[in-house]
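Novice: Top line first, the protein sequences correspond to chains A and B. Read in order, the letters of the first sequence are residues 1 to 450 in full-length UniProt numbering. Read in order, the letters of the second sequence are residues 1 to 497 in full-length UniProt numbering.
These are computed hints drawn from the structure, not numbers from a lab. Take the hints with a grain of salt, since some may be wrong.
[Stated by the list, open to error] Computed footprint of chain A on chain B; a stretch qualifies when at least three of its residues, placed anywhere within it, have a C-beta under 8 Å from a C-beta of chain A:
# : segment
1 : 280-290
2 : 359-367
3 : 421-434
[Stated by the list, open to error] Calculated cross-link-like contacts (lysine-lysine; reagent style BS3-like; alpha-carbon spacing at most 30 Å):
#  : chain 1 : residue 1 : chain 2 : residue 2
4  : B       : Lys-57    : A       : Lys-50
5  : B       : Lys-439   : B       : Lys-350
6  : A       : Lys-81    : A       : Lys-260
7  : B       : Lys-57    : A       : Lys-22
8  : B       : Lys-41    : B       : Lys-209
9  : B       : Lys-182   : A       : Lys-278
10 : B       : Lys-41    : A       : Lys-50
11 : A       : Lys-22    : B       : Lys-216
12 : A       : Lys-395   : A       : Lys-378
13 : B       : Lys-24    : A       : Lys-267
14 : B       : Lys-337   : B       : Lys-266
15 : A       : Lys-22    : A       : Lys-331
16 : A       : Lys-278   : B       : Lys-190
17 : A       : Lys-50    : B       : Lys-17
18 : A       : Lys-267   : B       : Lys-270
19 : B       : Lys-209   : A       : Lys-50
20 : B       : Lys-190   : A       : Lys-277
21 : A       : Lys-277   : B       : Lys-24
22 : B       : Lys-41    : B       : Lys-29
23 : A       : Lys-177   : A       : Lys-202
24 : A       : Lys-206   : A       : Lys-177
25 : A       : Lys-382   : B       : Lys-17
26 : A       : Lys-206   : A       : Lys-260
Since this is a predicted model, take the numbers as computed values, not measurements. Virtual Cβ for every residue (Gly too), placed ideally from N, Cα, C.
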Amino acid sequence: MANVVRLQYESKPPPFGHEMRKCFSFDPEYINMNHGSYGSLPSPVAEAIKPYYALAEANPDLFHRFTSIDLIRDVRKRMAKFVGAAHTEEVVFVPNASHGLNTILRSFIWEEGDIISSCNTTYNSISRTAEYISDIPPHPEAVQFTLLFPTSHSEIIQNWRAYVKSLNEIRNQSAQKLGRRPKIVAIIDSIISVPGALLPWKEMVKICKEEDVWSVVDGAHSIGQELDLNLAEANPDFWVTNCHKWMYAKRGCALLYVPKRNQHIIKASFPTSHAYKKGGGSNFVEQFEWNGTIDFVPYISASCALDFRAWLGGEHVINDYCHRIALEGGKRLAQILGTEIIDQGQDFQFTLSMVNVAVPFPPTMSSAFEIDMAFRRKLLIKRKIYPAFFYHNGKWWIRCSAQIWSQVEDFEVLGEAILEASKEILEEFGDGTEKKTMIIEDKDERLIVN
Amino acid sequence: MSNTQSIAPVPIDQIVKATNILQKSSAPKFGHELLPYFSFKQGFLNLNNGSYGALPKVVTEACNELMAWQEENTDFYYRIGFIPPLIGVREQLAQLVGASDVDELVMVPNASTGLGVVLRNFLWQCGDTIIRCNTTYATVYKTIQYIHDVTPGLEISEFQLLFPTTRQAILDGWQKHITSVKANAPQGQKIVAVIDSVVANPAAAMPWKEMVKICKDVGIWTIIDGAHSVGQEDLHLADCGADFFVSNCHKWLNTKRGAAFLWMPKESQKIMLTTIPTSASYVTPGPDRPETNIVSQFQYNGTIDYTTYLSVHVALQWREWVGGEAAIHQYCNNLAKQGGALLAQTMNTKVMDPNGEFTMAMVNVTLPFPSDFQAQYDASVGTALSNKLLARNMYAVTYYHNSLWWTRVSAQIWNELSDFSILGNALVTICSEIVSEHKNANVPQNCKAVSFSSYLEQPLQGAVALDSNNGIGAPRPVTSTKVTLVGYHTQLASIRP
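Chain A on its own, in the form it takes in the complex (with noise of 0.2 Å):
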């Protein structure tokens, strides 16, 4: 068998703060409050996975036949214990969590009355998803669960409760005019997007799993930044994780969870597998092992970021920092704009190592995403600093993400940026009490959020 060589670092690593930049490679000008988009990778993992890409041009058959096959088994074997996952076989490797997700959804065999189930704060492309499958026949139907914030965890399940059970009320009526019982898929975010807040995802699935409704967990930004996951616990019906995220491995490397009692729901991989067969379920993991020819050093590199974190002190060591920094950075920054944390209670039950601040626009402000893309370039081109921008619930908020190489400071300088920043939108745009012509400067941009 090929095993992932365990990596052991010579010396200690930097401290955390600024001088851990020397383990990546940003531009020195940028200041990297983003992270939760795209993740990061360190140096000493594109290093350690070098050797990798090298083996796979020295002999394409074997390191395509046989070699990255093993070393991938291998590494599942890790990652499947890390996520605490009952068994091997219930995790496999998908390039991204929007993969893995619409490899989930278009599995389920849609039905007449069934319901597809997300909420206002799902994902964008997951919303697609959703909106796709009820697009086409047998139209299920497409619902949404509203969570606005400021809000609280005991609120958010107290409100999912009672929306679950009202799915369960459509669907009892529907099922007796159908003469069968139609199924509800809920997606469920474990940490959302926009805003960065960590959800009571594993109670949200118990009372899925109390009213008989599937959770089709979006874990995308669980791994490495929400601590002691323990799925087999949870025990969600279906979880995806983004790896190059918040765990440092190369993109796109994430991770697909089918508990063995759900394998069978999953009737095939996308691209389908030459081991497809009717049924699924019975080869779950061979359907995964080959799905087409694609770079697999990604899904081996998953392995060298965990000897990094290891390296760094481990993942409390890790979350405890970028959690500290998150809060305390929050708050000064908060403070600067004379705004507020979204996340009101005292305990931050919504922050790990993402906080969202309020800008400083008066409550008429337009909801355009034009202003999404004059703080881009006020931001991200011209200053080379960038949180994430979005609208939610009448303002307009940012998502910084705290990481190892921050620190509070960081917040201060994006805090002056987006005072300037804003002042100068606000005269280009108006405060939207009064017609004002939006200056619209490049017509041709695509729309990307993350």
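With chain A fixed as given, assemble chain B onto it according to the hints.
Specialist: Structure of chain B alone, referenced to chain A:
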């Protein structure tokens, strides 16, 4: 917005310095002189470009630069920076394959994905028919199977293709098959045919344009699996008549693995509702949906490493430097024909396609097994062939077709005629070993373990030293690993091309 400190999108040539060397030197002749430009292990005889392609060193280095660029400012890269270079690559490919417009061509990770997303976009109904061949590539074959399994009343019609044969025989057979399918299909239900431009096993360049015409004349959709086409043959897609065409750039076009294109003319885009995974740009079909929405969707539909797509630009520069498309095709095609003949002579067997009407850069030759051995298919023979070739530091595909064992050999610009006789002599020995192992019942049904501990020149280090100036010590592996491999994937060895 002009500000000297601002960052702006830049063309690939400003990011990649590795290709500068191409301007300063001229390429060697085709043949073994090119081996130092690739990264094969010393002495590895690569006669199987067809499966996974090969990355020239220059392209590897360029990819390292592109990956480093990605890490400098990932927000800029993923929101703005990758777009102009990606459009540039699509324009280059559109020109190379003779598409009429760049918005007819999008990038996908591989042919399986491209074909899978097209097939899954059709809204399948009871009474529809999908036509495939017995030689359709495994993932596509199974995609069609899957669609059949989840669509009650959908029919699969399989056209049998057995080699050796002739182009005319194929066309005659195809015409009969299409006529019969059309006659039996319910009125108003769609029929979709998946046609290989180049079959993988056996390697065979098909009269696909004529096959397309036969389908088009009776209103049958045509999806072309051209996985092996680009870089091996000239394409003129604008007037080919097909509805969809997919090809891998990482096979014969020297790009990083994970790059392919999907060609879909404007008419075809009408049935394309969504990428897989669905993109944030997806718009519900209807009057509000822009005509080019599907093209926007393919630009971003989940975080990936765009280096594979962007490497097309560098690969094309390298190919131009090394001799250009025409010269490459000519060398490889000639070598495949001559090499195949020499291989057959060495093994005292036969070339599948002696008059060359199916042969481009890949050639098929029967393996030297006794005829009674050939007649009895045994999957373990495929595994043994694969393992024994690898143990001898060489590789060509072996497969079973039409009651015979064959080898499929790829001729590439680093190959020479002598490579074919080396392979031939090795196969003679290997086949006789396998026959005697079978006689002595030494071969277990499923697998035979082969140790490749001597394969790597040095143990896998796992990491290289970082710049010692920054005071960070070099990662080193806990143990050095000898890579020991077990060849037990009988399906993988014989099905994947």
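Novice: Mind listing which of the numbered hints don't hold for this structure, in increasing order?
Specialist: Numbers 2, 3, 8, 11, 13, 14, 19, 21, 23, in rising order.
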